[in-house]
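**Student:** All chains, please: the whole structure from these sequences, using the hints.
There are 2 protein chains.
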Amino acid sequence: MPKVKVSRRGLLGGGAAAAGVAGAFAVGRAGDGAPAAAATPLAYDFHGAHQAGIVTPMQDRLHFAAFDVRTDDRDELVALLQAWTDAAARMTAGLDAGAVGAVDGASNLPPDDTGEAIGLPPSGLTITFGFGPSLFLDADGNDRFGIADRRPEALRELPHFPADNLDPARSYGDLCVQACANDPQVAVHAIRNLARIGFGTVSVRWSQLGFGRTSTTSVGQDTPRNLFGFKDGTANVKAEDTTELDSHVWVDAGDDPKAEWLAGGSYLVARRFNMTIEVWDRQPLGDQEAFVGRTKGVGAPLSGGDELTAPDFDMPGSNGAPVIATDSHLRQVHPDFHGGAKMLRRGYNFVDGSDDLGGLDAGLFFLAYVRNPDTHFIPIQLQMAKADALMEYLKVRGSALFAVPPGVAKGDYVGESLFA
Amino acid sequence: MPKVKVSRRGLLGGGAAAAGVAGAFAVGRAGDGAPAAAATPLAYDFHGAHQAGIVTPMQDRLHFAAFDVRTDDRDELVALLQAWTDAAARMTAGLDAGAVGAVDGASNLPPDDTGEAIGLPPSGLTITFGFGPSLFLDADGNDRFGIADRRPEALRELPHFPADNLDPARSYGDLCVQACANDPQVAVHAIRNLARIGFGTVSVRWSQLGFGRTSTTSVGQDTPRNLFGFKDGTANVKAEDTTELDSHVWVDAGDDPKAEWLAGGSYLVARRFNMTIEVWDRQPLGDQEAFVGRTKGVGAPLSGGDELTAPDFDMPGSNGAPVIATDSHLRQVHPDFHGGAKMLRRGYNFVDGSDDLGGLDAGLFFLAYVRNPDTHFIPIQLQMAKADALMEYLKVRGSALFAVPPGVAKGDYVGESLFA
Chain A
1 MPKVKVSRRG LLGGGAAAAG VAGAFAVGRA GDGAPAAAAT PLAYDFHGAH
51 QAGIVTPMQD RLHFAAFDVR TDDRDELVAL LQAWTDAAAR MTAGLDAGAV
101 GAVDGASNLP PDDTGEAIGL PPSGLTITFG FGPSLFLDAD GNDRFGIADR
151 RPEALRELPH FPADNLDPAR SYGDLCVQAC ANDPQVAVHA IRNLARIGFG
201 TVSVRWSQLG FGRTSTTSVG QDTPRNLFGF KDGTANVKAE DTTELDSHVW
251 VDAGDDPKAE WLAGGSYLVA RRFNMTIEVW DRQPLGDQEA FVGRTKGVGA
301 PLSGGDELTA PDFDMPGSNG APVIATDSHL RQVHPDFHGG AKMLRRGYNF
351 VDGSDDLGGL DAGLFFLAYV RNPDTHFIPI QLQMAKADAL MEYLKVRGSA
401 LFAVPPGVAK GDYVGESLFA
Chain B
421 MPKVKVSRRG LLGGGAAAAG VAGAFAVGRA GDGAPAAAAT PLAYDFHGAH
471 QAGIVTPMQD RLHFAAFDVR TDDRDELVAL LQAWTDAAAR MTAGLDAGAV
521 GAVDGASNLP PDDTGEAIGL PPSGLTITFG FGPSLFLDAD GNDRFGIADR
571 RPEALRELPH FPADNLDPAR SYGDLCVQAC ANDPQVAVHA IRNLARIGFG
621 TVSVRWSQLG FGRTSTTSVG QDTPRNLFGF KDGTANVKAE DTTELDSHVW
671 VDAGDDPKAE WLAGGSYLVA RRFNMTIEVW DRQPLGDQEA FVGRTKGVGA
721 PLSGGDELTA PDFDMPGSNG APVIATDSHL RQVHPDFHGG AKMLRRGYNF
771 VDGSDDLGGL DAGLFFLAYV RNPDTHFIPI QLQMAKADAL MEYLKVRGSA
821 LFAVPPGVAK GDYVGESLFA
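Sequence lines, in order, name chains A and B.
In this text, residue positions in the first sequence follow my numbering: the first is 1, and each later residue adds one.
In this text, residue positions in the second sequence follow my numbering: the first is 421, and each later residue adds one.
Careful: at least some of the hints might be erroneous.
Said to hold, decoys possible - Below, a sample of chain B positions facing chain A; criterion: calculated Cβ distance under 10 angstroms:
id, residue
1, 529
2, 603
3, 645
4, 698
Since the hints were derived computationally from the structure, they do not count as laboratory data.
Heads up, the beta-carbon is just placed ideally off N, CA and C, and yes, glycines get one too.
**Tutor:** This is the structure:
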């Protein structure tokens, strides 16, 4: 039977060439309608001191998945992490998930790559792994994998916040994988192949696609807009500010004696905020801006200036009350009122079909990396849930917390510092 | 209060300039990981003999919505179609949905655009409208809008096909809107604003996002891959072949005496095919190729050649049976066995989170435009459902049929030939 085979690797000009593009930059995007992301790196190295996908310039698309571990066998879990590490390093370099490839294997065996990314470039893919509280102690209090005594103090299920209405099928998880790329088919391909590799050991608990980033993670990225129509992520911690990263994002070896293995890692908060966009869309422009505390156009604080101007929370308005309302989102979550605590946010907009009310099931899939959720997330979320004017238009349906281990050296596997 | 306002229009350099780019072509995409779509037109004119979004070079992203009409008032329905026409013409040109805009209106009124597309270019947006059978006669047999006698003979709910397992909440609809763009935020913005405009008159019945096109609609577009990992849409009707379009896609004035208003329009079949990708991924490569009838790498027929080589259904294999199996998808749906009938397909891949089995809720959202579903879709789908080897890996959960009226002249509204 005549048959010409070609692998993703082959289409990219050979594995060596594909690996060689890591760190290279594309020439830039034409104005074809994709969100502005000039000079997007073509491929990111999976290996490094920190995992990629945290301070990496935020890609345009997301596929996030939480997994339940279906085994109590520590060796099987470690073998999965090793296999995932290998596959993640390959896919982020634009290679097939496995060494055989999507179409180069024997006809009588399943391929070790699913094939839908054949011909697609690495697309800035990053793959970031995390460990949930239930990996350390399951719901019955079992130390399934002999790591309970290494559970970080801060790695507990998040408390119930006012207005939380959680769907357990959209919350929690033993493991998580965040795949970000500039092509959604590449992000989906990554999650799908990791799920395929984990078949029998893990199953997908929930997953979430995001189509539009809602933050900037590096200087020079344009601030994108969330589905309230407002710029989002203006004051995000930036990759270039290594002092802020050390203060607010990276776990230090001295932070927690039980969790030295987490040094160089972080905590990831994932929250699914449904927006009641149909109600929001009927609010007057002035009210929308008052709720947010910023103008809708340029995103300037209502106290004046431009997007990057510091807000003046004391400036009185015409009625004597502060021009930036006390219950505005800007004020409620501002670091000035939370001991200077900041987050590195990497959220995405989502629309997941329709709801039962004839509207869109739409909102913000909030992702934030913090050094310690007890100081950098929980107090801020609590304040927001209690007093933020935006909460009238938000419903939290999903929630999870993960410890994100440090980066992986070549030859090691993700989470090795926990299991070694 | 200091406040700088800026509209999407303003960011694009003025309404006149934005309108001027219609028909212009971008320079091309850099190799940043978006699917290859060189020289994507920046903006398409909403007006023309046919609706845009059918033969338009297929964009990378989709937001599709079906609506239920909540009124029995014909004038109210016509007013909605007029308002939708105006908004669609504006948004496809890169303007705000309404004349006031997202941020230029009075502070005490809701904006007439939701704002999340501020600063984004037109992104090749097309908006295509269709009318379902239930618009003509509702489930109780009521001629709500006085158009029952103009219902095309072929516009009936599709018959039940073997393996259909329809979810009514993902099927049917009085109206549909297909928004395609190269930026999902632009497609989502379009559907959301049309739903906002229709508030009180229509409600969203179901909607579907697609992240990867699965067909080529013009010569020179690379054939993309579906989530089986195979090229899809190789033999699609192409925009350049006007003879084929007239034979297979556009309704002719003489086709149906009750439906002269549909001349220059088409029928749109929408079907949600869930793929059991986890099972598929465990099938040997040779079996996958036998089911499809093509190689997975280059997409050549198993009888040889390259992607565009015509299949030889008589060529015997080593075991005496045809090398292209009789139950292969390629053979079961091939025009040679269906009186030459062809479709213009515009489907998209989707992943909508997870299913109850620990896998991904993933598949193909099938969209096809045909001149007559009775001759160009139903027999082919029936044959596929009965005898196609691929059906073991497919579950149909959603289904709908719409009549797609002809294009809109300036000053007219979509569907005017039906209501005038």
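**Student:** All hints are to be evaluated individually against the structure, with a verdict given for each.
**Tutor:** Here's how the hints hold up against the structure:
1. Among the interface hints, the one on residue 529(B) holds; its C-beta lies about 6 angstroms from the nearest C-beta in chain A, closer than the 10 angstroms criterion.
2. With a least beta-carbon distance of about 5 angstroms to chain A, the hint placing residue 603(B) at the interface is held under the 10 angstroms criterion.
3. Among the interface hints, the one on residue 645(B) holds; its C-beta lies about 5 angstroms from the nearest C-beta in chain A, closer than the 10 angstroms criterion.
4. Proximity of residue 698(B) to chain A holds as hinted, the smallest CB-CB distance being about 7 angstroms (cut-off 10 angstroms).
In this structure, none of the earlier numbered hints is contradicted; all agree with it.
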